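Visitor: Okay, here's what each chain looks like letter by letter:
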Amino acid sequence: MTSFRTLLYKELLRFWKVGFQTVAAPIMTALLYLLIFSHALGDHVQVYEGVPYEAFLVPGLVMMSVLQNAFANSSSSLIQSKVTGNIIFVLLPPISYIEFFVAYVLASVCRGLIVGCGVLAVTWWFVDLPIRYPLWVLAFAVMGAAILGALGVVAGIWADKFDQLAAFQNFVILPLTFLSGVFYSIHTLPQFWQALSRLNPFFYMIDGFRYGYFGASDVAPAASLAVVAGTLISLSAFTLWLLKAGYKLRH
Amino acid sequence: MSNAICIREVRKRYATLQALDGVSLDIEAGEIFGLLGPNGAGKTTLISIIAGLARADSGSVQVMGADVVSDYRNARRMLGVVPQELVFDPFFTVREALEIQSGYFGMRDNRAWIEEILHHLDLSAKADVNMRALSGGMKRRVLVAQALVHKPPVIVLDEPTAGVDVELRQGLWAFVQRLNRDGHTIVLTTHYLEEAEMLCNRIGMLKAGRIVALDSTRNLLENFSGLTLRLRLDRDATGPAAGFPKAEVDGERMVLNLSGFAEIESVLTRLRETGAVIREFDLQPPDLEDVFVRVMAGH
Chain A
110 MTSFRTLLYK ELLRFWKVGF QTVAAPIMTA LLYLLIFSHA LGDHVQVYEG VPYEAFLVPG
170 LVMMSVLQNA FANSSSSLIQ SKVTGNIIFV LLPPISYIEF FVAYVLASVC RGLIVGCGVL
230 AVTWWFVDLP IRYPLWVLAF AVMGAAILGA LGVVAGIWAD KFDQLAAFQN FVILPLTFLS
290 GVFYSIHTLP QFWQALSRLN PFFYMIDGFR YGYFGASDVA PAASLAVVAG TLISLSAFTL
350 WLLKAGYKLR H
Chain B
-15 MSNAICIREV RKRYATLQAL DGVSLDIEAG EIFGLLGPNG AGKTTLISII AGLARADSGS
45 VQVMGADVVS DYRNARRMLG VVPQELVFDP FFTVREALEI QSGYFGMRDN RAWIEEILHH
105 LDLSAKADVN MRALSGGMKR RVLVAQALVH KPPVIVLDEP TAGVDVELRQ GLWAFVQRLN
165 RDGHTIVLTT HYLEEAEMLC NRIGMLKAGR IVALDSTRNL LENFSGLTLR LRLDRDATGP
225 AAGFPKAEVD GERMVLNLSG FAEIESVLTR LRETGAVIRE FDLQPPDLED VFVRVMAGH
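Protein chains in written order, with the working numbering: chain A, 110 to 360; chain B, -15 to 283.
Treat the hints as calculated values from the structure; they're not laboratory data. Every value quoted in this text rests on a predicted model; they were computed, and no experiment measured them. The beta carbon of each residue, even a glycine, is placed where N, CA and C say it ideally should be. Some hints could be false.
On the chain A side, residues computed to face chain B include the following (Cβ under 8 Å) [unchecked claim]:
1) Arg114
2) Thr115
3) Lys126
4) Gly128
5) Val192
6) Ile197
7) Leu200
8) Leu201
9) Pro202
10) Ile204
11) Pro239
12) Pro243
13) Lys357
14) Arg359
15) His360
The calculated lysine-lysine pairs, modelled on DSS-like cross-linking and capped at a C-alpha distance of 27 Å, are [what the hints assert, rightly or not]:
16) A:Lys126 x A:Lys191
17) A:Lys270 x B:Lys110
18) A:Lys270 x A:Lys357
19) A:Lys191 x B:Lys110
20) A:Lys126 x B:Lys123
21) B:Lys230 x A:Lys191
22) B:Lys110 x A:Lys126
23) B:Lys135 x B:Lys110
24) A:Lys353 x A:Lys191
25) B:Lys135 x B:Lys123
26) B:Lys123 x B:Lys110
Chain A on its own, in the form it takes in the complex (with noise of 0.2 Å):
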């Protein structure tokens, strides 16, 4: 256990170290979208009887800072321990390939939520929004930060370069975020891109974790859990068996 809680430690004291770029940066940003797209789309867009669109905006801003960051923290610490050669810290000692999951996947659903828990906190100024079901809210917002950390040591692992890891980013996770209702209700979109968007496991998250604040969703709350929670099963189970057969780690 004490292998495990020290790699653990070292990623959460990695990124709280450079905490402008991996805590206030994202905060920033997430707070520029919400002043601009209220601004430009507040007027026009109604999504839920009596929510206005800043409220039902930030559920969506705050699930994405959550994912996006819990996807950055695992893969660029892996990548920059890959790069500059110092992975052979954790790959030499007796740490088993499950703590080297759930170490770094658990420090990825931490920056994950402190992240998010920022966003809330500096929204919170601007919009008034109700929270229903905190339960549902914190499970979507566990799950899903955990599917990207995952998603991140898999990514990480894969990458030989920064290059390729900024192409996983870009073609891959911002996409499927993007286009994962964020920033709108699916139910907006003409028949063949709703029938697309319902392929993409990121919409069931932000769905499901806009449920926990007002109560209403695209899809039903339990049906999004069981696809969120099938999700994270079957990639970690893929993440564990790259690194028990050591792929691109130990070749």
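Fit chain B to the given chain A structure using the hints.
Guide: Positioned in the frame of chain A, the structure of chain B alone reads:
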């Protein structure tokens, strides 16, 4: 004596390169073992497999009786590795790096031992300095310290003196000898053959993924390498050297390789018979470089 590391028929292939081609090797507990070979011979691959950083395609490796794959936790606890590359984690200070490394090995409070290592490696003054701010030599010392946090019985140093200044190199070797006296088994690779000759009890030479020589340092020197006799005569050496088919001649100078001291007298007698007079005389004992060159040329 029991074996610290036991390597059996290890093979490893990277794409088209057969990095290791059936290496078997026992490293005894308590010895300083030198692993030599030209670049690309497979030294680092072999060390990576021992350390669990790479997996062999076939064969097995045990460290202090623990298999590096099936019983990797025990195998890794027994092993401290100083890597060849100068790697460091830029987020932490020296002390943080050592405390974190201790934690990875399951040690909760390792402060007393960390202070001791810092002291022995002359790092105490830099303990709270960020790794980024250290010179190359200091970073090298921290790598040694990181390999020692868990007091491993077996320590592997992969070219630890590459690009290191003379003072640090000597300090490092004194420290290695001290660790060995304290009971640690040492495995080292180096390009500096005089270091290996001075430090190692036993030497294995790798070439193209195979062990091509394996013996005690003394036996290798005695068996493979003769004496080198350099002479300068009072005349052109071509004539007098005619009786020595293997002599190298350069004007008044000639170089002869002798199998031992007993041969000297007959060489001098035969030279005297030609009428030549010796002006300069230099006899060089065997060194590991000669052995290395001959072994590598012969395989």
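Visitor: If a hint holds in the structure, say so; if it doesn't, say that too.
Guide: Each hint, compared with the structure:
no.	hint	result
1	Arg114	7 Å, holds
2	Thr115	3 Å, holds
3	Lys126	5 Å, holds
4	Gly128	12 Å, violated
5	Val192	10 Å, violated
6	Ile197	6 Å, holds
7	Leu200	6 Å, holds
8	Leu201	6 Å, holds
9	Pro202	4 Å, holds
10	Ile204	6 Å, holds
11	Pro239	40 Å, violated
12	Pro243	34 Å, violated
13	Lys357	11 Å, violated
14	Arg359	6 Å, holds
15	His360	6 Å, holds
16	A:Lys126 x A:Lys191	20 Å, holds
17	A:Lys270 x B:Lys110	32 Å, violated
18	A:Lys270 x A:Lys357	12 Å, holds
19	A:Lys191 x B:Lys110	26 Å, holds
20	A:Lys126 x B:Lys123	21 Å, holds
21	B:Lys230 x A:Lys191	53 Å, violated
22	B:Lys110 x A:Lys126	20 Å, holds
23	B:Lys135 x B:Lys110	21 Å, holds
24	A:Lys353 x A:Lys191	17 Å, holds
25	B:Lys135 x B:Lys123	20 Å, holds
26	B:Lys123 x B:Lys110	10 Å, holds
Going down the numbered hints, you'll see the structure goes against 4, 5, 11, 12, 13, 17, 21, while the others check out.
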